[in-house]
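Chains as they are written, first to last, in my numbering: chain A, 3 to 191; chain B, 3 to 191.
Worth flagging that the hints you see were computed from the coordinates, not collected in a lab. Some hints could be false.
Chain copies aren't distinguished; within one or between two, either way the pair holds.
Stated by the list, open to error - Derived SDA-like pairs: lysine to any residue, alpha-carbon spacing no greater than 25 Å straight-line:
id : residue 1 : residue 2
1  : K42       : M145
2  : K42       : T123
3  : K37       : E163
4  : K155      : T54
5  : K109      : T123
6  : K122      : L60
7  : K155      : Y14
8  : K122      : G178
9  : K155      : Q65
Number of protein chains: 2
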Amino acid sequence: MDDNLLQYIRRYIDISDAEFSLFRSYLTPLMLKKKETLLKNGEVCRARYFITSGCLRLYYIDQKGNEQIMHFGIENWWITNYDSLLNNIPSHLIIEAVEKTQVLELKETSLQELYQRIPKTERFFRIIMERTYIATQRRIEFMYSLSSEEILKSFIDANPEFVQRVPQYMLASYLGITPEYLSFLRKNP
Amino acid sequence: MDDNLLQYIRRYIDISDAEFSLFRSYLTPLMLKKKETLLKNGEVCRARYFITSGCLRLYYIDQKGNEQIMHFGIENWWITNYDSLLNNIPSHLIIEAVEKTQVLELKETSLQELYQRIPKTERFFRIIMERTYIATQRRIEFMYSLSSEEILKSFIDANPEFVQRVPQYMLASYLGITPEYLSFLRKNP
DNA sequence: CGCGACGTTGATTTGCCTCAACGATTGTGG
DNA sequence: CCACAATCGTTGAGGCAAATCAACGTCGCG
């Protein structure tokens, strides 16, 4: 688990073993059962979470009472509600385990301390943020350009293994269509 | 112009006048006429641009040959194609002046140098990235939750002055609807 | 002045949603 | 270990939001 994290960090910055130890000491492992939450509606988000195993989803409940999934998070992804975390506002987004999941919690107060003690962590989280942003931009472009059928097809092609892991109605929500229509699309070539 | 930039930077980090001078020396002012471009289809993006006056749009041409606008940029915004810039890949996004526009160009090679000479710039650009990401997240949530009519209404309410500045067909593209339907929505209460 | 860029209008079509009902599977308490 | 209830996926009928297409009016600029 720690090896994964170390390797992941070293993809982006040089960090010594001692520095990593220090970094690691700021992280708290948490184990989540299916459907347990890391962040509830109305709470202010105070931490970021690095997923070491399992799967989380970040979603909200819209006016009609439907769940709308914004993201999934899987192994080696960070997940949090940045808007709530950085602006100190109550979250209407919910972070919940899709399956049994292990995360490392990094409290925002700890991170501010880390920025002081290991300045290069600032660079690390800048790069993570850049990459996260780019992924989101690509996704928006997809959603704009393609029909639901094409969005579905390309998502399945790009993530064949992941599609097996989540219930179909969650996939539908993430892709912005109804479960019924997703079912219809799968049927028809 | 420089005052705007200085004030803008000081919203996020403490920076001395001397440091700002150095920062400023890495920036090159560019003047764009309406319809001039900063980034063309197929080019690799090599810089970020801080807009001091005017308005830019970032868009691409989809399979059907339609322009799809991803963003606008106005005074005191940074604009670039992060995917092209950071991954060194050719851009299919185009950055073009909607009106006469002045920008300060920050080449990515210069920025890497700046990170070394003034480490706190790393923090600055981390924060900019975070804020940009949050804005995008909010936009996605909007697009998911609201009907076209509600999207249009809330955008006009939030940006009454901006709506006057761009042609209606660009607004339609940005909001993800056709110009005809936008026209229809404006007519009907 | 004339042409191109922009906005509008209406008729028609369609992609996707809604609603309701029904199987299949899973899981859980007795 | 079974029975029954959730949970999840599927199907089909009907409806609506928004796109498409085509035509026309208008303005501003070269």
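Pop the pair K42 and T123 into one bin, within, between, both or neither, using alpha-carbon distances up to 25 Å.
-> neither (28 Å within a copy, 34 Å between copies)
K42 and M145: within-copy, between-copy, both or neither at 25 Å Cα = between (27 Å within a copy, 23 Å between copies)
Measure nothing new, just compare the shortest in-copy and cross-copy C-alpha distances for K155 and T54 to 25 Å and report within, between, both or neither.
-> Neither way: K155 and T54 sit 28 Å apart in one copy and 42 Å across, limit 25 Å.
Evaluate K155 and Q65 at a C-alpha cut-off of 25 Å and name the case that applies: within, between, both or neither.
-> Close across copies (17 Å), not inside one copy (29 Å); limit 25 Å.
Have a look at K122 and L60 and pick one of within, between, both or neither, based on CA distance no larger than 25 Å.
-> neither (29 Å within a copy, 32 Å between copies)
Quick one: K122 to G178, C-alpha cut-off 25 Å, is that within a copy, between copies, both, or neither?
-> This pair counts as neither: shortest intra-copy Cα distance 38 Å, inter-copy 40 Å.
Check K37 against E163 for me: Cα-Cα at most 25 Å, and say if that holds within a copy, between copies, both or neither.
-> within (21 Å within a copy, 45 Å between copies)
Which holds for K109 with T123 at a C-alpha limit of 25 Å: within a copy, between copies, both or neither?
-> Both: 14 Å inside a chain and 23 Å across chains, each within 25 Å.
Is the C-alpha distance from K155 to Y14 at most 25 Å within one copy, between copies, in both cases, or in neither?
-> Neither: 32 Å inside a chain and 42 Å across chains, both beyond 25 Å.
Comparing the model with each earlier hint shows violations of hints 2, 4, 6, 7 and 8; every other hint is respected.
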